[in-house]
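Under the UniProt record's numbering, the sequence shown is numbered contiguously, ending at residue 234.
No lab work stands behind these hints, which were simulated from the structure alone.
Backbone N, C-alpha and C fix where the C-beta goes; we use that ideal spot for every residue, glycine too.
Take the hints with a grain of salt, since some may be wrong.
[Said to hold, decoys possible] What follows is a set of in silico ranges between Cβ atoms, one per label pair, in the way DEER data are often shown: (1) A156 x D93: 19 to 25 Å; (2) T179 x V87: 39 to 45 Å; (3) R204 x D93: 35 to 41 Å; (4) A156 x S202: 41 to 47 Å; (5) L116 x A136: 28 to 34 Å; (6) R44 x E149: 31 to 37 Å; (7) P178 x T89: 38 to 44 Å; (8) N200 x A156: 38 to 44 Å; (9) L134 x T179: 19 to 25 Å; (10) P148 x I181: 16 to 22 Å; (11) D155 x K199: 34 to 40 Å; (12) S159 x R117: 30 to 36 Å; (13) V87 x D155: 18 to 24 Å.
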Amino acid sequence: MFSGNTTTRLRHSRVKWVSVETAAEVSRTRFVGGTLALDFVNTRDGGPGAEPDDLVVSYGHLVSWARSAGVLDAGSADALHAAAHAVPTSAGDAWQRSLQVRGALDAVLRPIAAGLRPDDDALARLAAEEAEALAAATLMPARHGQEPEYEWSWDADASLHRPLRQIVHSATQLLTNPTAITRLKQCAGCDYLFMDESKNRSRRWCSMQDCGTTQKVSRYVAARRARSEGTASS
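Can you make the complete structure from the sequences, with help from the hints?
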């Protein structure tokens with residue numbers, strides 16, 4: 001996925017596997033949020049009792065993550081990496097802005113998942129970011145005959161803020177969809193945000209292969225220990 005001579009190492013953050021290609025390139029091998037905005041919020045892992053683990057620790061990480069998420073094609077990602085090297089101060093500012101917006105997304109989406117009112121200042125920040133994002137977008141026919149027939153596109157946007165603009169638009173699409181927003185949940189295992197697409201909306205885990213399996217194993221071990229202790233005391 002990434003060009004150049006890189007060395008790959010793997011690290012495990014709670015139950016999510018992450019591939020680190022270089023210090024400036026990050027690719028999450030699994031995306032469990034269900035939308036671009038939720039996956040971006042989930043780039044800052046932490047979970048109950050865990051140390052924070054941030055995947056977006058530079059502008060290069062932001063671009064590489066966006067490439068992995070399908071937001072950017074290889075050519076666009078390479079162009080943004082080159083632009084960041086040419087104007088590192090501006091790239092640093094764009095990175096800091098992305099972290100601020102991620103915090104605003106968290107302050108809006110996490111309360112909604114818990115049935116609470118989102119932070120008003122954070123909501124206002126997202127509204128302002130969306131207005132700027134749409135000002136940089138082009139209305140284009142949807143690709144591959146998708147519905148709706150037209151969509152906003154940032155393919156012609158060469159700004160360092162392009163990845164963030166698409167993330168913000170993903171968030172506002174979720175917030176303004178009365179059906180989708182009711183499916184927003186927080187994982188009972190790792191605190192990741194995700195879309196519950198189950199028919200009865202009873203899903204508790206970001207992924208049954210990760211947190212769901214972990215919880216099942218924990219319950220099995222606890223039940224087996226309880227039975228063993230009960231047998232020993234009888």
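Against the structure, the hints come out as follows:
no.	hint	in the structure
1	A156 x D93: 19 to 25 Å	holds (22 Å)
2	T179 x V87: 39 to 45 Å	holds (42 Å)
3	R204 x D93: 35 to 41 Å	holds (39 Å)
4	A156 x S202: 41 to 47 Å	holds (43 Å)
5	L116 x A136: 28 to 34 Å	holds (32 Å)
6	R44 x E149: 31 to 37 Å	holds (36 Å)
7	P178 x T89: 38 to 44 Å	holds (42 Å)
8	N200 x A156: 38 to 44 Å	holds (43 Å)
9	L134 x T179: 19 to 25 Å	holds (22 Å)
10	P148 x I181: 16 to 22 Å	holds (18 Å)
11	D155 x K199: 34 to 40 Å	holds (36 Å)
12	S159 x R117: 30 to 36 Å	holds (33 Å)
13	V87 x D155: 18 to 24 Å	holds (21 Å)
Checked against the numbered hints above, the structure violates none of them.
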